[in-house]
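One line per chain: the protein sequences are A and B, in this order.
All residue numbers for the first sequence refer to this note's numbering, where the first residue is 1 and numbers rise by one.
All residue numbers for the second sequence refer to this note's numbering, where the first residue is 1 and numbers rise by one.
No lab work stands behind these hints: they were computed from the structure.
Glycine included, every Cβ here is placed at the ideal spot set by N, Cα and C.
You can trust all of the hints, since none of them are fake.
Restricting the straight-line Cα-Cα distance to at most 25 Å, the calculated cross-link-like pairs of lysine-lysine (DSS-like) are:
1) B:Lys44 - B:Lys78
2) A:Lys68 - B:Lys44
3) B:Lys54 - B:Lys44
4) B:Lys54 - A:Lys94
Selected chain A positions facing chain B (Cβ under 7 Å, derived; list incomplete):
5) Gly43
6) Leu44
7) Leu46
8) Lys100
9) Phe103
For each label pair, taking beta carbons as the anchor points, the in silico distance ranges come out as:
10) A:Asp55 - B:Lys15: 43 to 53 Å
11) B:Gly16 - A:Asp55: 42 to 52 Å
12) A:Glu69 - B:Phe7: 39 to 49 Å
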Amino acid sequence: GDSVTQMEGPVTLSEEAFLTINCTYTATGYPSLFWYVQYPGEGLQLLLKATKADDKGSNKGFEATYRKETTSFHLEKGSVQVSDSAVYFCALSKLYNFNKFYFGSGTKLNVKP
Amino acid sequence: EAGVTQFPSHSVIEKGQTVTLRCDPISGHDNLYWYRRVMGKEIKFLLHFVKESKQDESGMPNNRFLAERTGGTYSTLKVQPAELEDSGVYFCASSQDANGGTRGDNEQFFGPGTRLTVL
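With the sequences and hints as input, model every part of the structure.
Okay, here's the thing in structure tokens:
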């Protein structure tokens, strides 16, 4: 079945460090891929998305490229800030079956000043 | 515009009791979803409403869970009787497209979740 696997956390970085959170997926067909972020005390917010192979989603300095050959959608940011501390979820949904998302287990990011 | 709201934010109950969670979607959103995150694991789909109708309830764990969506507006998720393994964070989400979706990227807007603890 369809599923998403993302790296275990927590990830602890110093401010201005480079961030990578790995995400791989298993799905038949052509899924759309997403990164959601949950800040403390808040709901999940869409961070970025990509709907087809080789698309790059980007927002707030974060980027992720849809790699079909490696079934991956790794999240990257060149220079993290303390305000980026949150839990990050990778997710997929499928065209004509977007009614539900398949999420990874979440990766908690702690950024220290 | 108000986002998705959920009530209560936290609930602590004893095994065997009943709990009802409420979700108010964004006004005008026909799609409403319930998800659950247990013990820091992945967020799992529970069910999906289109307006007042259940479109997909394949993720509901068992018949102790009952979801309703009165008049296609707010939704409730009742757990009766609650068991220890029901503890977790219950998220509600809504999205706009009511046509079954022709795009795979229909954004779902999430509420802050209800943290349920069953003792």
